[in-house]
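Number of protein chains: 2
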Amino acid sequence: MSTRIGRLAVIGVGLIGGSFALDLKRLGLVDEVVGAGRSRANLELALERGLIDVMVEDAISAVVHADLVLLALPVGAMSLLFRVIGPVLPPTCILTDAGSTKQDVIAAARTGLGEKIGQFVPGHPIAGAETSGAAAARTGLYQGRHCILTPLPENRPQDVDRVEALWAACGARVERLEPGMHDTIFAAVSHLPHLASFALMEDLAARPEAPVYFRYAGAGFRDFTRIAGSHPEMWRDITLANRGALLTELDAYIAKLRELRGLIQAGDGTGLEELFARARAARVNWNKARNE
Amino acid sequence: MSTRIGRLAVIGVGLIGGSFALDLKRLGLVDEVVGAGRSRANLELALERGLIDVMVEDAISAVVHADLVLLALPVGAMSLLFRVIGPVLPPTCILTDAGSTKQDVIAAARTGLGEKIGQFVPGHPIAGAETSGAAAARTGLYQGRHCILTPLPENRPQDVDRVEALWAACGARVERLEPGMHDTIFAAVSHLPHLASFALMEDLAARPEAPVYFRYAGAGFRDFTRIAGSHPEMWRDITLANRGALLTELDAYIAKLRELRGLIQAGDGTGLEELFARARAARVNWNKARNE
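Taken in sequence, the protein lines are chains A and B. According to numbering that gives the first Met the number 0, the residues represented by the first sequence are 0 to 291, in order. According to numbering that gives the first Met the number 0, the residues represented by the second sequence are 0 to 291, in order.
These aren't lab readings, by the way, just hints derived from the structure by calculation. C-beta: ideal position from N, C-alpha, C; glycine also. Warning: the hint list may mix true and false statements.
In silico negatives: residues of chain A with every beta carbon more than 10 Å from chain B [stated by the list, open to error]:
(1) Gly49
(2) Ser60
(3) Gly132
Residues from chain A that face chain B, not an exhaustive set, calculated with beta carbons under 10 Å [said to hold, decoys possible]:
(4) Asp52
(5) Tyr215
(6) Ser229
(7) Met233
(8) Glu272
(9) Ala281
The calculated label-pair distances, taken between Cβ atoms and stated as ranges, are [stated by the list, open to error]:
(10) A:Pro210 <-> B:Glu56: 45 to 53 Å
(11) A:Thr247 <-> B:Asp267: 42 to 50 Å
(12) B:Glu56 <-> A:Arg172: 50 to 58 Å
(13) B:Glu153 <-> A:Arg214: 33 to 41 Å
(14) B:Pro86 <-> A:Pro210: 43 to 51 Å
Working from the sequences, and respecting the hints, build out all of it.
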């Protein structure tokens with residue numbers, strides 16, 4: 000199986016799409032990269048930075064002669080996109096995506112692609128950051144990062160293998176998961192922390208005394224709130240797309256905060272220390288495991 | 000006013016106390032450092048690492064010939080300590096602390112020190128980390144960090160200036176705040192984020208599927224939960240000591256999470272995006288201001 004591709008179309012040339020294109024170009028695994036997207040200024044920057052070779056006006060022009068298409072837009076924009084490109088998707092072209100949620104993207108793909116659904120290999124590279132756009136793209140972004148594929152029963156195994164090989168070439172550790180399991184896991188370890196960070200920042204920033212408070216915020220606050228700098232539209236879409244799992248996670252988190260509140264109210268030092276110690280042990284073990 | 004001191008006693012030679020001693024020794028601002036604390040093994044390591052010159056068995060022996068005493072233990076341990084050292088504190092000795100809460104420490108100092116309360120200059124260097132103990136101490140820890148003093152009406156101005164000069168010599172940006180204001184501010188920007196991080200880690204770690212979940216946790220999770228690796232006893236004490244302000248903060252945070260939950264439940268994409276955008280703007284502005 001060859002990992003080489005002729006023409007790669009990237010729809011949404013931001014941090015994720017741009018970095019993927021850049022790595023494949025650098026590795027000589029692609030002949031030409033065509034970029035499309037919603038912001039002309041962003042595409043011009045992508046061209047200038049060499050992330051893409053050609054910019055086109057619309058998704059149809061990008062897809063029509065492509066061998067592989069990567070959709071790297073906020074998940075809320077994908078539904079329309081599937082419907083637009085479905086009719087013109089060449090029969091030998093593999094379509095993949097980088098959406099942070101998978102069940103809703105797959106549902107949208109089924110609707111938009113119809114009988115061509117087997118050409119769509121759903122994916123999710125875990126390499127988000129609080130930066131975005133073509134300006135943020137860089138080589139090596141995926142080195143050592145997870146990339147999850149959630150293949151469909153209709154996929155040809157060799158197409159899934161090909162998408163896997165491309166991400167692996169970028170340095171990603173590729174794994175396969177069932178789409179529902181993917182969404183449940185990421186609601187807990189990614190989407191919930193983002194909401195919790197946004198909420199804390201909003202809670203403090205809305206107060207009249209915020210400027211004084213922020214003056215004294217230190218390194219703990221800096222790290223805790225880093226992800227509150229994430230892209231609002233992207234996170235709006237993820238939140239709505241993974242709404243069911245996220246509501247479950249939010250409820251569990253609020254319940255845990257209320258439990259903590261109860262311990263404080265009762266002055267239960269032993270209970271607090273035990274809870275903190277369990278959390279710390281879990282954090283230390285997690286960090287040890289990921290550095291091994 | 001000379002910043003030089005003869006004999007410095009550090010009670011609790013961990014990250015905070017050990018790093019303070021190390022910097023003053025490196026700067027030649029202290030003749031001798033005496034260390035005391037609760038763990039003999041930690042004191043031996045402090046001696047071996049050159050954080051202290053002498054280790055003694057108890058706080059009384061450390062204080063009795065000291066010119067300056069730094070208390071750098073969890074705030075819950077300070078009450079007893081003030082009562083123990085109060086009677087033997089030499090009349091010319093300045094006593095200061097590094098506790099993360101100030102009103103409760105001051106109340107404990109008033110009880111334990113009695114008429115010697117004027118010798119106590121309350122302080123709080125903002126340089127905590129998820130590491131602790133003598134092993135974590137290092138030079139330069141305070142470089143560019145805030146250090147808050149919350150002086151008492153009974154303090155001699157020259158004593159406050161002297162403590163300020165020592166922290167400034169370590170590179171800290173020293174500021175003065177009223178104790179109640181200090182506790183209110185730090186409940187919001189430090190204590191609440193710590194509780195929120197501990198709670199999230201505990202929420203996830205308690206589940207049977209935690210090992211699978213943690214496998215896919217990425218950089219956002221890493222940063223959000225870094226402070227969940229903090230010292231359980233220290234945070235038990237801070238939480239109880241600043242209980243009133245912290246309950247207020249927890250309630251506001253839970254209310255904000257419930258507001259977010261309501262937006263998700265209602266599928267209010269505009270409301271979500273606006274909230275995320277406000278949070279992001281506040282985070283970006285904060286980060287810009289602190290790097291200026």
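Hints, one by one, checked against the model:
1. Gly49: With a cut-off of 10 Å, Gly49 of chain A remains clear of chain B, as the shortest Cβ separation is near 26 Å.
2. Ser60: Holds: least Cβ distance 29 Å, greater than 10 Å.
3. Gly132: With a cut-off of 10 Å, Gly132 of chain A remains clear of chain B, as the shortest Cβ separation is near 14 Å.
4. Asp52: 30 Å, violated
5. Tyr215: 5 Å, holds
6. Ser229: 7 Å, holds
7. Met233: 9 Å, holds
8. Glu272: 4 Å, holds
9. Ala281: With a closest approach of 3 Å, the Ala281 of chain A hint holds.
10. A:Pro210 <-> B:Glu56: 45 to 53 Å: 48 Å, holds
11. A:Thr247 <-> B:Asp267: 42 to 50 Å: For Asp267 of chain B against Thr247 of chain A, whose Cβ atoms are near 19 Å apart, the range 42 to 50 Å is violated.
12. B:Glu56 <-> A:Arg172: 50 to 58 Å: With a Cβ separation near 52 Å, Glu56 of chain B and Arg172 of chain A satisfy 50 to 58 Å, so the hint holds.
13. B:Glu153 <-> A:Arg214: 33 to 41 Å: Given about 27 Å between the Cβ atoms, the range is violated.
14. B:Pro86 <-> A:Pro210: 43 to 51 Å: 44 Å, holds
Hint compliance for this structure: hints 4, 11, 13 are broken, all remaining hints hold.
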